[in-house]
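Asks: Residues per chain, in single letters:
There are 4 protein chains.
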Amino acid sequence: MRIGVLTAGGDCPGLNAVIRSVVHRAVVDRGDQVIGFEDGFRGLLEGRYRELDIDSVSGILARGGTILGSSRLERNRLREACDNAEAFRQELSLDALIPIGGEGTLTAARMLSDAGIPVVGVPKTIDNDISATDRTFGFDTAVGVATEAIDRLKTTAESHQRVMVVEVMGRHAGWIALEAGMAGGAHGICVPERPFQLDDLCKMIEDRFARGKKFAVICVAEGARPAEGTMPYERGAIDAYGHERFTGIGQRMASELEKRLGTEARAMILGHIQRGGTPTAYDRVLATRFGWHAVEAAHRGEFGMMTALRGTEIVMTPLAQATMELKRVPQNRMDETEAVF
Amino acid sequence: MRIGVLTAGGDCPGLNAVIRSVVHRAVVDRGDQVIGFEDGFRGLLEGRYRELDIDSVSGILARGGTILGSSRLERNRLREACDNAEAFRQELSLDALIPIGGEGTLTAARMLSDAGIPVVGVPKTIDNDISATDRTFGFDTAVGVATEAIDRLKTTAESHQRVMVVEVMGRHAGWIALEAGMAGGAHGICVPERPFQLDDLCKMIEDRFARGKKFAVICVAEGARPAEGTMPYERGAIDAYGHERFTGIGQRMASELEKRLGTEARAMILGHIQRGGTPTAYDRVLATRFGWHAVEAAHRGEFGMMTALRGTEIVMTPLAQATMELKRVPQNRMDETEAVF
Amino acid sequence: MRIGVLTAGGDCPGLNAVIRSVVHRAVVDRGDQVIGFEDGFRGLLEGRYRELDIDSVSGILARGGTILGSSRLERNRLREACDNAEAFRQELSLDALIPIGGEGTLTAARMLSDAGIPVVGVPKTIDNDISATDRTFGFDTAVGVATEAIDRLKTTAESHQRVMVVEVMGRHAGWIALEAGMAGGAHGICVPERPFQLDDLCKMIEDRFARGKKFAVICVAEGARPAEGTMPYERGAIDAYGHERFTGIGQRMASELEKRLGTEARAMILGHIQRGGTPTAYDRVLATRFGWHAVEAAHRGEFGMMTALRGTEIVMTPLAQATMELKRVPQNRMDETEAVF
Amino acid sequence: MRIGVLTAGGDCPGLNAVIRSVVHRAVVDRGDQVIGFEDGFRGLLEGRYRELDIDSVSGILARGGTILGSSRLERNRLREACDNAEAFRQELSLDALIPIGGEGTLTAARMLSDAGIPVVGVPKTIDNDISATDRTFGFDTAVGVATEAIDRLKTTAESHQRVMVVEVMGRHAGWIALEAGMAGGAHGICVPERPFQLDDLCKMIEDRFARGKKFAVICVAEGARPAEGTMPYERGAIDAYGHERFTGIGQRMASELEKRLGTEARAMILGHIQRGGTPTAYDRVLATRFGWHAVEAAHRGEFGMMTALRGTEIVMTPLAQATMELKRVPQNRMDETEAVF
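Chains as they are written, first to last, in the UniProt record's numbering: chain A, 1 to 341; chain B, 1 to 341; chain C, 1 to 341; chain D, 1 to 341.
Everything labelled a hint here was simulated from the structure, so no lab data went into it.
Positions of the beta carbon are idealized from the N, C-alpha and C atoms, including for glycine.
Hints are supplied without guarantee of correctness; some may be wrong.
Pair by pair, the computed Cβ-Cβ distance ranges are [stated by the list, open to error]:
1) A:Arg2 to D:Glu74: 43 to 51 angstroms
2) D:Val28 to C:Arg171: 27 to 35 angstroms
3) D:Gly311 to C:Lys213: 17 to 25 angstroms
4) D:Asp53 to B:Lys203: 49 to 57 angstroms
5) B:Arg48 to C:Gln321: 28 to 36 angstroms
Once the Cα atoms are required to be at most 25 angstroms apart in a straight line, the calculated DMTMM-like pairs of lysine to aspartate or glutamate come out as [as the list claims (entries may be wrong)]:
6) A:Lys259 to C:Glu74
7) D:Lys213 to B:Asp29
8) A:Lys213 to C:Asp32
9) A:Lys214 to C:Glu38
10) D:Lys214 to C:Glu38
11) A:Lys203 to B:Asp29
12) D:Lys203 to C:Asp32
The task is simple: from the sequences and hints, build the whole structure.
Replies: Right, here's the structure in full:
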């Protein structure tokens with residue numbers, strides 16, 4: 001069998017572990033040939049790839065980033081490719097394609113699949129917001145990094161009698177904020193799924209100060225927004241990459257808390273350190289299992305599917321289902337902690 | 001409501017997180033009173049306890065060990081207590097008892113429950129071998145510590161052209177060996193569930209050396225044993241605490257590999273560093289959720305049950321079911337890696 | 001002997017290790033009495049203190065922050081105190097005072113010393129910028145945190161073909177930027193001691209991209225400033241606490257690099273995670289030795305001095321000397337790497 | 001200039017950082033050619049080497065091990081080489097040789113230097129026992145690993161009311177035991193420099209238990225030995241590699257303590273995890289500086305010397321001096337803690 005593999009979208013700890021696992025299972029155990037496309041779908045479209053043997057994936061299990069490179073998806077070019085998918089597949093003699101990526105990548109994977117390319121997807125997102133899988137690799141590492149930051153900020157917040165606002169990743173889903181906030185013992189947690197009540201947040205902090213606990217740490221997802229009327233808020237300037245710049249919610253909240261409480265408040269924007277570097281053991285295991293099962297699915301001819309974690313098992317689930325809707329933090333998870341505002 | 005909490009059995013990262021969570025949910029949110037028994041069931045039997053308020057659990061979320069202390073179970077004394085359970089419960093005015101512990105503790109919890117004490121158990125085991133829950137807290141931390149050790153040993157094994165055998169915890173179940181072995185990229189993994197074939201292990205190492213990879217790392221669970229006839233093996237002396245001493249499987253395997261392969265081989269026994277110290281974020285979240293749900297179950301009057309993780313949800317499951325049989329590594333998990341021998 | 005100890009100024013990993021060491025040496029070995037003033041000099045001036053025995057410092061060696069609390073110095077109040085120093089000393093029956101703090105604290109310590117209070121100082125600064133000591137505790141931890149961040153950002157910068165600017169602490173001295181930059185393998189390092197040449201920085205990045213290395217990481221001290229004419233620069237708004245807000249050098253540099261290079265560039269402001277949390281082993285040892293030697297100096301009657309590291313030895317050095325001038329990165333240290341711009 | 005570099009002896013975090021730094025300084029800044037000999041002196045003697053350019057050292061700064069490989073020294077073969085040193089040097093057109101290694105390597109380096117090879121040594125030892133340099137790289141990493149182990153063992157010792165003996169590296173010098181013991185807050189520290197008094201150790205532990213602190217952690221260097229008459233002791237069997245096996249001092253001490261105190265005591269042998277894996281920031285900086293200065297010394301024609309840290313500066317010191325005598329823990333360092341027995 002000849003299997004192509006590619007990584008697309010943002011960095012995510014565990015990408016290399018998936019690639020390594022695909023090669024180990026396919027080349028070593030199954031006698032397949034594996035080729036790796038460079039820079040995501042771009043390498044696929046431009047026919048840029050290299051063969052991956054066992055030595056080419058030596059020592060990458062614990063390494064962040066992706067040895068194959070990544071790139072943003074250009075949908076128009078991809079659509080063209082879909083129109084010539086069969087010719088394309090034959091030219092590369094691909095028996096299976098394993099794209100590793102997030103929601104956009106999996107949507108593209110589905111397009112390719114619909115166009116006749118034999119695709120087995122591997123879901124990837126720091127944010128843990130892909131439906132149909134209990135968890136995605138990279139998430140545990142991100143939560144770990146954010147938790148360590150909260151641990152460190154707590155002692156300094158306490159020493160300085162300060163409010164610290166930690167802004168973590170999560171534009172549409174608050175999983176990192178929720179779990180890092182719980183793991184770090186943040187006093188407040190704000191997620192995109194529930195517009196936060198700044199008044200309640202202020203009251204909680206005032207109560208703490210009144211009880212002699214003269215510090216607080218708030219963990220806020222970048223996508224969290226104030227409930228209407230509780231805090232002045234307008235979207236900041238949007239840069240060329242589609243992000244609000246300089247004026248993230250963390251910084252705004254700190255300014256507002258300082259103003260209201262008369263207490264020093266500072267923001268810490270964790271940013272990209274959440275998505276780079278060595279993956280945790282959890283993420284390495286999950287990524288390795290995903291790679292193994294993707295190869296097996298290819299051999300069974302289960303295409304148009306992606307790997308998913310359900311409980312303790314890896315199962316195959318239709319790509320369509322995975323990209324249907326975002327997995328957001330449900331009400332019952334927010335109820336499990338008194339810290340969500 | 002008046003809730004008693006105790007920790008029993010061996011150390012496990014996350015114990016304090018459960019205690020803290022019980023207090024937060026019960027005292028702060030529910031207005032309950034929480035008392036903590038000292039040194040496990042011993043404190044319960046001897047009436048040694050202290051009240052736990054919010055300040056008494058401040059700053060313990062990330063701390064290893066248990067602020068309540070622990071002790072080994074004395075079954076006879078416990079049986080006596082069961083005979084006077086009702087008197088006992090009334091004396092302490094206990095509305096609910098939340099014992100946190102492993103298989104022995106949960107069995108004891110069931111005895112108490114059968115005797116009429118309103119019990120909600122919280123499962124705890126480094127080894128992840130309790131049925132009825134997908135995972136237990138402490139396990140992720142142990143796997144993380146073992147993985148970091150393997151990461152470090154790999155570079156030194158490579159520099160010294162050596163075989164390194166890492167012995168990890170797991171008397172009856174090989175979960176830590178399996179997951180740390182996969183996460184660390186160990187070349188061989190040996191678990192109690194499958195007697196290992198030393199010949200195959202030797203052949204794999206020889207193949208590596210022949211390919212120019214002049215080192216190997218083997219991750220072996222303390223309870224792993226050779227398949228009959230593949231390696232001389234007799235049980236070592238059993239000490240007062242019931243353990244084989246000086247001559248664990250790691251050391252024996254290293255000696256045997258050195259003899260057979262003519263290559264330097266060393267054993268590293270990870271031991272107790274796997275079960276102490278700061279829990280990972282994953283374990284803190286799981287422990288916190290267990291504590292929260294235990295309190296809720298008590299309020300709903302769901303006694304004779306314990307908390308369990310199923311997929312992404314915390315559910316309640318009968319204590320009876322939890323202690324029925326050990327959760328061992330199943331065949332399909334071993335098949336997911338070529339490294340299990 | 002009756003010894004007072006206090007911590008003043010910003011948080012710094014190792015403060016608790018000094019306090020613990022003072023108590024161990026003084027109380028356990030020497031039979032002294034130790035009192036700890038709360039919230040820095042404020043506790044001294046207001047007579048708020050508690051006795052510190054061996055149990056009160058149990059378990060704090062590895063903990064960030066300070067169990068005594070800290071506060072900003074109010075010079076006027078301190079001057080008043082100096083006028084009544086002798087009465088003051090007698091009231092508290094202090095035989096020695098050990099203030100642990102940075103430049104401001106040591107200057108205050110000198111005032112107290114000149115006024116007749118028997119003072120032995122312990123220098124503390126994350127920034128490592130106190131003359132007369134080779135190193136200060138806290139610095140190694142800060143460099144470690146910053147290095148780990150650079151390690152993580154490198155893989156994500158590479159995956160995203162981006163320039164990442166990491167802003168680290170160091171208003172007046174670039175020690176953290178220099179050492180974290182070297183340890184993390186940053187491609188550019190900017191320190192307050194040398195106005196940076198943005199043109200040269202751009203050229204280096206362009207050369208990298210031309211060579212196929214399509215990413216770069218720049219480590220910049222918060223106090224670094226562009227050489228005149230190389231980059232538009234004006235000081236930002238100064239907030240109530242004397243800091244420029246929203247518009248640190250990291251963010252400005254990233255914007256400017258993005259504009260000039262046409263490449264995506266992002267800033268990461270490390271901020272307070274550098275100064276909180278568990279100290280490294282190095283910092284714990286240094287802090288412990290400082291505490292030990294401070295007590296010994298008090299017993300020898302060497303007042304008006306502070307502890308200092310010289311090579312491998314702890315020596316006593318006059319407070320006057322310590323605060324005379326800032327220790328800045330010298331030319332020869334910058335010459336040791338081609339990365340300083 | 002044509003510069004050869006090699007790594008010899010045991011693994012040590014920071015070796016790759018030296019190699020990288022030599023290449024960066026020599027190739028990039030100085031326009032030199034650098035060749036790396038494979039497997040230490042063996043590669044030198046057998047003419048096995050490869051050219052090292054900037055890409056060949058990319059990404060190795062934080063990686064443990066050595067990309068050049070290492071080997072044990074065969075003195076006889078080296079002596080032969082010395083007899084033909086000049087021919088040898090000319091054949092390879094070597095203008096300078098930079099061997100990176102421990103005491104044995106530096107002695108060999110001196111032989112080569114005496115025979116006319118232009119040598120600049122770089123000292124390397126986990127144990128920190130080379131005279132003439134304040135510190136060696138690798139030591140800080142080893143102390144860090146050992147300290148983290150002690151941190152973890154403390155909580156589990158406390159929970160189990162146990163004595164834990166941690167055996168760390170250090171055959172002839174107790175630096176790791178001393179610093180990790182101080183950093184981890186070990187209650188007892190045993191070093192080769194001072195035969196330990198087991199009676200005193202027992203008394204300290206008994207006192208702790210009497211005070212209600214029912215656990216203790218002892219940090220013991222592998223080369224520590226009991227003072228005559230305080231504990232039965234005879235050397236264990238010596239294996240083919242010259243080490244006592246199965247019966248290290250840690251295990252013996254734990255057995256003896258258990259017998260005398262009637263308390264459960266366990267040994268943990270840290271072993272090779274101390275010398276592998278990612279170096280700390282401190283070690284990366286020191287290794288990088290050593291590499292840089294070695295190249296500079298070669299350009300200045302300062303041969304027969306090695307790099308050394310003195311205070312904050314890197315200086316050159318004669319190889320002869322470096323290997324004259326081992327740097328052992330002096331009395332005044334042992335006096336700085338009450339924990340050395």
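Asks: Taking the earlier hints as the rules, which of them does this structure contradict?
Replies: 3, 4, 5, 7, 8 and 10
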